[in-house]
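Colleague: One letter stands for each residue in the lines below.
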Amino acid sequence: MKQPPDITLPARTDSTSHGRKGLFRSWLKIQVESERYQPPHKGLIILQIFIGILFFVLVTRLWYLQIQRGEDFARLSQENRLRQERVFAPRGRIMDRADKIMADNRTAYGLSLVREDCRDIPATLTQISVWSGIPVSQIWEKYQQDRFKVKSFEPILMLPDISFELLARIESEIFAWPGLEIVVRTKRNYPEKDIFAHVLGYVAEVNEKEMEEDSALATGDFVGKAGLELELERHLRGQKGLFDVEVDAHGRALGKILKKEPRSGHEIRLSLDLSLQRAAWEALGGEAGCVVVMEPDSGKLRALVTSPAYDNNLFAAGISRRDWEALRTSNRFPLQNRVIQSVYPPGSVWKLVMAAMFLEHGISPRETVFCPGQVKLGDQIFRCWKQGGHGNVNMEGALVVSCDVYFYLMAEKIGIDKMEAYAKACGFGRATGIGLPHERTGLVPSRAWKRRRFGQPWVRGETYNISIGQGYTLVTPVQMAVYVSALLNGGDMLKPQLMEDDARFVTGRLPAADRTRNFIVNAMRLAASGGTARVVSRRDADMGGKTGTAQVVKLKMAAGDRRLRTAEMEYAQRDHAWIATWGAKNGKRYVVVVMVEHGGGGSRVAGPVAGKIYDHLFGPETALTVKATR
Amino acid sequence: MDTRLFSHINWGLLALTLLLYLAGVANLYSASGTRLDSGMTFSGFYQRQLVWGVFGLCGMTAAMSFDYRRLRNLAWLFFLLSLMLLLLVPVVGKTIYGAKRWLSLGFMSIQPSEIVKLAVLLIAARILSREANPLGWKNFLSLVAVVILPCAIVILQPDLGTSLMILLILAGMILFHGLRGYVFKTCLFLAPCAAALMWFAGMHDYQRQRILTFLNPGNDPRGTGYHTLQSRIAIGSGQLWGKGFTEGTQSQLRFLPERHSDFAVAVFGEEWGFVGCLMLITLFCLFLLAIFSTASQAKDRFGSLLVVGVFFYFFWQIFINIAMVIGLIPVVGIPLPFISYGGSATVLNFTLIGIVLNVAMRRFMFKG
Chain A
1 MKQPPDITLP
11 ARTDSTSHGR
21 KGLFRSWLKI
31 QVESERYQPP
41 HKGLIILQIF
51 IGILFFVLVT
61 RLWYLQIQRG
71 EDFARLSQEN
81 RLRQERVFAP
91 RGRIMDRADK
101 IMADNRTAYG
111 LSLVREDCRD
121 IPATLTQISV
131 WSGIPVSQIW
141 EKYQQDRFKV
151 KSFEPILMLP
161 DISFELLARI
171 ESEIFAWPGL
181 EIVVRTKRNY
191 PEKDIFAHVL
201 GYVAEVNEKE
211 MEEDSALATG
221 DFVGKAGLEL
231 ELERHLRGQK
241 GLFDVEVDAH
251 GRALGKILKK
261 EPRSGHEIRL
271 SLDLSLQRAA
281 WEALGGEAGC
291 VVVMEPDSGK
301 LRALVTSPAY
311 DNNLFAAGIS
321 RRDWEALRTS
331 NRFPLQNRVI
341 QSVYPPGSVW
351 KLVMAAMFLE
361 HGISPRETVF
371 CPGQVKLGDQ
381 IFRCWKQGGH
391 GNVNMEGALV
401 VSCDVYFYLM
411 AEKIGIDKME
421 AYAKACGFGR
431 ATGIGLPHER
441 TGLVPSRAWK
451 RRRFGQPWVR
461 GETYNISIGQ
471 GYTLVTPVQM
481 AVYVSALLNG
491 GDMLKPQLME
501 DDARFVTGRL
511 PAADRTRNFI
521 VNAMRLAASG
531 GTARVVSRRD
541 ADMGGKTGTA
551 QVVKLKMAAG
561 DRRLRTAEME
571 YAQRDHAWIA
581 TWGAKNGKRY
591 VVVVMVEHGG
601 GGSRVAGPVA
611 GKIYDHLFGP
621 ETALTVKATR
Chain B
631 MDTRLFSHIN
641 WGLLALTLLL
651 YLAGVANLYS
661 ASGTRLDSGM
671 TFSGFYQRQL
681 VWGVFGLCGM
691 TAAMSFDYRR
701 LRNLAWLFFL
711 LSLMLLLLVP
721 VVGKTIYGAK
731 RWLSLGFMSI
741 QPSEIVKLAV
751 LLIAARILSR
761 EANPLGWKNF
771 LSLVAVVILP
781 CAIVILQPDL
791 GTSLMILLIL
801 AGMILFHGLR
811 GYVFKTCLFL
821 APCAAALMWF
831 AGMHDYQRQR
841 ILTFLNPGND
851 PRGTGYHTLQ
861 SRIAIGSGQL
871 WGKGFTEGTQ
881 SQLRFLPERH
891 SDFAVAVFGE
901 EWGFVGCLML
911 ITLFCLFLLA
921 IFSTASQAKD
931 RFGSLLVVGV
941 FFYFFWQIFI
951 NIAMVIGLIP
961 VVGIPLPFIS
971 YGGSATVLNF
981 TLIGIVLNVA
991 MRRFMFKG
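Those protein sequence lines, which keep their order, are chains A and B.
Take 1 as the starting number for the first sequence in our numbering and just add one per residue.
Take 631 as the starting number for the second sequence in our numbering and just add one per residue.
Hints may contain errors.
[Stated by the list, open to error] Pairwise CB distance ranges, derived in the manner of DEER restraints: (1) B:791 x A:86: 45 to 53 Å; (2) B:791 x A:90: 28 to 36 Å; (3) A:447 x B:718: 54 to 62 Å; (4) B:791 x A:42: 26 to 34 Å; (5) A:147 x B:656: 44 to 52 Å; (6) B:707 x A:147: 36 to 44 Å; (7) A:123 x B:656: 21 to 29 Å; (8) B:684 x A:140: 27 to 35 Å; (9) A:209 x B:700: 53 to 61 Å; (10) A:262 x B:652: 25 to 33 Å; (11) B:684 x A:209: 42 to 50 Å; (12) B:791 x A:244: 21 to 29 Å.
[Said to hold, decoys possible] Below, simulated BS3-like cross-link-like pairs (lysine-lysine); rule was C-alpha separation at most 25 Å, straight line: (13) A:240 x A:260; (14) A:376 x A:424; (15) A:259 x A:100; (16) B:815 x A:260; (17) B:768 x A:42.
Read the hints as simulated data drawn from the structure, not as lab findings.
Cβ atoms here follow ideal geometry from the backbone N, Cα and C, with glycine treated the same way.
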């Protein structure tokens with residue numbers, strides 16, 4: 001076949017013969033008038049077959065659906081008219097040990113939007129912005145985020161918490177905005193705000209990932225995101241109830257049938273003491289730091305304070321982006337629960353662990369070391385904190401005055417491998433199991449660890465550093481509290497308990513004989529009565545303590561330089577101040593560990609905080625002198 | 631315009647087109663209705679569809695106003711332009727539903743993959759019109775080579791539906807033109823292999839999920855199977871005579887998703903029943919026959935191929951959309967011409983009918 005001519009010839013026919021006739025021909029007939037080009041015959045048949053198939057297949061299927069099974073589907077469409085509605089269960093309350101409320105629920109009014117009822121979504125969103133004062137762009141973003149999560153007839157929660165004044169205004173204007181409705185919800189409320197923020201955590205609107213993992217959750221639910229609210233989510237949550245709502249053909253609700261009763265969540269009673277917690281918070285005085293108060297015999301925590309903190313009510317109300325950014329980017333890290341999520345070098349407090357180890361490895365407490373103020377190792381100089389040196393010191397003396405040189409030389413005898421094993425056996429380097437999310441383990445360094453981490457072998461100088469709690473060693477304040485508790489309670493390493501009604505739980509035995517523990521406890525007593533920890537001494541109670549000043553950065557000091565005073569250093573380079581203490585009065589015993597970030601000297605900064613806490617625990621100091629309980 | 635041209639307009643096709651379009655608007659009116667406590671409210675979809683129809687008629691008139699053979703000269707240019715637009719999408723396009731398919735013009739968004747459909751139709755008509763005999767390997771492969779690039783880009787967007795449409799339109803045109811037996815047999819053999827490759831390499835999880843759900847929709851009635859199940863309930867409950875105009879409960883009580891767009895025909899089926907559906911499908915078949923008659927009367931190969939391309943453009947959409955709504959095939963995002971709401975789709979549909987009318991009008995201009 002040849003190419004068809006591709007030229008346009010003027011139509012040479014008269015218009016009458018192609019008038020109405022052409023119309024009918026083009027519609028009714030398949031008529032080929034050209035001499036040259038013929039559409040492929042097979043192709044034309046194929047097109048007709050296609051049309052035939054389309055007609056036949058679709059009509060057959062429609063016959064099946066509408067005639068054959070029509071009645072079934074009619075019944076299903078009737079059943080379709082039943083809608084299910086969820087009833088929220090109240091979340092369990094959280095109380096302190098004296099049943100004071102720390103988290104409860106209050107009624108909150110929210111504004112939600114039903115997409116399909118809304119005639120003009122942009123205008124409606126703009127109106128929401130006018131009411132709430134939130135920028136339109138944020139309202140849009142929220143809407144865009146949620147619109148595909150719910151069906152078009154389900155509500156999207158646009159404003160989670162409306163104030164009463166605003167509620168009144170919206171109620172008077174809402175009739176003009178179809179698709180908007182005011183919903184009553186319960187909202188989590190934390191009366192103590194910052195003081196318990198890290199322990200309690202907070203609830204916030206559920207995200208997609210959480211919904212995927214937990215089929216009981218749906219858009220608009222609030223779930224625990226941090227702290228106990230997260231850890232005990234399932235315990236606190238309760239079970240939603242279910243209504244079958246009958247809607248007639250006109251969409252009118254005819255009646256509700258309760259299918260499932262809502263079950264409220266469990267209440268929780270904490271071991272924490274609200275007034276003690278508040279006292280500890282005030283004692284910290286806004287410094288970045290934390291406090292652990294633990295009963296050494298039961299393992300119950302009585303205070304668990306970390307500062308700075310944040311107002312956890314902000315999250316329950318739906319935190320604004322500005323507030324969130326401010327929290328997230330603050331250089332004081334208010335979101336960090338320092339008690340369990342921050343790891344610090346322990347400084348001299350670590351000597352409590354090292355001394356116990358020396359005793360367990362056969363070093364006599366009477367053995368003395370001469371401290372000239374520094375020791376040389378190769379061309380490195382390791383200084384004692386006291387420039388002139390301590391002279392001859394035995395173990396007790398070394399603990400009381402916190403002599404560094406004693407620990408350098410004794411550690412050298414024992415070696416890093418045994419030090420590592422002992423520290424791990426004392427519970428360092430692993431989580432205490434406190435039952436709060438994201439607890440960190442800290443670090444007990446070893447030869448193997450250093451090879452893995454830096455690809456280098458261990459050097460002797462590092463053993464020196466480890467012995468006084470510097471170098472790579474990192475601990476959490478709560479680990480330290482557990483260790484000191486074990487010294488006092490007969491050697492049981494306890495799980496720190498946040499629940500008042502949970503039983504004492506022993507996680508392991510301290511690898512220290514009675515003699516060893518008594519020796520350390522007594523050394524702490526001496527340090528408190530006349531040594532570095534005398535800041536906590538009181539005449540009406542049996543007290544013990546050990547301070548620590550943990551260097552944050554290695555300061556290069558040339559011979560003859562004096563150490564800088566804290567006030568002269570950059571904040572981020574200042575030392576961390578530690579104090580680990582115990583106190584006993586009238587048969588009540590407590591362990592108090594205080595840590596102040598970049599606070600400077602342990603006795604000077606952390607000590608007074610601990611002192612104030614004991615004032616709260618034991619009352620103001622009286623002149624009465626009590627006999628030592630041990 | 632030459633009055634003789636005017637007299638050759640395929641009035642039947644025009645009438646059928648308008649009839650379908652008006653049925654679509656009426657159906658949209660009902661689909662926009664929502665029953666509340668106090669009565670019915672209607673959202674503005676049907677009004678907007680009316681406005682789009684006016685634009686569509688303008689597009690149709692424009693498409694009739696020149697000699698369609700000029701399109702042949704423009705085919706390559708148009709093809710390259712649309713390819714460029716397509717390549718622009720990953721750079722400046724905007725993402726909706728997790729797929730980057732749209733170019734924003736400020737006042738509206740366009741989907742270059744729609745334009746590519748048209749461009750492939752034109753270029754295929756042009757390439758096929760060079761060859762009078764059934765296609766051998768050489769011509770077949772050159773055609774595939776031209777089309778493979780836009781198809782691949784569209785798949786990557788990801789928009790499996792559109793690239794499938796492009797291939798189906800092309801396949802229809804090739805079938806019409808004819809191809810050698812051995813080529814045909816090889817293709818038949820390779821098709822399942824390509825399908826398998828697509829399943830494992832070319833599809834996203836949600837697409838695989840749709841197919842699996844389709845095979846067993848009762849499995850997950852509240853999730854992915856929801857669309858299919860609700861649309862089958864809607865259509866089936868229409869029974870013989872339907873529930874009556876604006877009386878469909880599935881749609882008015884909002885059980886039916888996407889009832890303005892892809893599932894619009896389910897509203898029709900619910901309200902007009904089997905009788906109405908039979909009439910609608912008959913209308914569509916007559917509409918296709920009217921296009922077919924133009925193809926069979928065209929006086930040059932390019933013209934008839936062009937019309938066949940348009941034929942398949944509509945044929946596949948009608949077939950796939952209705953088959954999807956009545957649960958014969960998995961859910962794919964393909965609207966029903968003239969019945970589903972859609973601005974650019976309406977304009978494009980009318981414009982394509984304009985091209986068919988154009989070919990019909992000028993069929994007497996060849997006198998050799």
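Colleague: For residue 259 (chain A) and residue 100 (chain A), compute the direct alpha-carbon distance and say whether it is at most 25 Å.
Modeller: violated (35 Å)
Colleague: Is 25 to 33 Å right for how far apart the beta carbons of residue 262 (chain A) and residue 652 (chain B) are?
Modeller: 51 Å Cβ-Cβ, so the 25 to 33 Å window is violated.
Colleague: Verify the proposed pairing of residue 768 (chain B) with residue 42 (chain A), using a straight-line Cα cut of 25 Å.
Modeller: holds (21 Å)
Colleague: Is residue 240 (chain A) within 25 Å of residue 260 (chain A), Cα to Cα?
Modeller: Within the cut-off at roughly 8 Å; holds.
Colleague: Regarding the pair residue 376 (chain A) and residue 424 (chain A), is the alpha-carbon distance no greater than 25 Å?
Modeller: violated (29 Å)
Colleague: For the range 28 to 36 Å, tell me whether the beta carbons of residue 791 (chain B) and residue 90 (chain A) fit it or not.
Modeller: violated (47 Å)
Colleague: Between residue 707 (chain B) and residue 147 (chain A), does the beta-carbon spacing fit 36 to 44 Å?
Modeller: holds (41 Å)
Colleague: Does the beta carbon distance between residue 791 (chain B) and residue 42 (chain A) stay inside 26 to 34 Å, or does it fall outside?
Modeller: holds (29 Å)
Colleague: Falls inside 45 to 53 Å, the C-beta gap from residue 791 (chain B) to residue 86 (chain A)?
Modeller: For residue 791 (chain B) and residue 86 (chain A) the Cβ distance comes to about 35 Å; the hint is violated.
Colleague: State, for the Cβ atoms of residue 123 (chain A) and residue 656 (chain B), whether the hinted interval 21 to 29 Å holds or is violated.
Modeller: Between residue 123 (chain A) and residue 656 (chain B), where Cβ atoms are some 28 Å apart, the hint holds.
Colleague: Given the range 44 to 52 Å, decide if the beta-carbon distance of residue 147 (chain A) to residue 656 (chain B) lies inside it.
Modeller: Given range 44 to 52 Å: violated, Cβ gap about 29 Å.
Colleague: Does the Cβ-Cβ separation between residue 209 (chain A) and residue 700 (chain B) fall within 53 to 61 Å?
Modeller: holds (56 Å)
In the structure shown, a violation is registered for the earlier hints numbered 1, 2, 5, 10, 12, 14, 15, 16, in ascending order.
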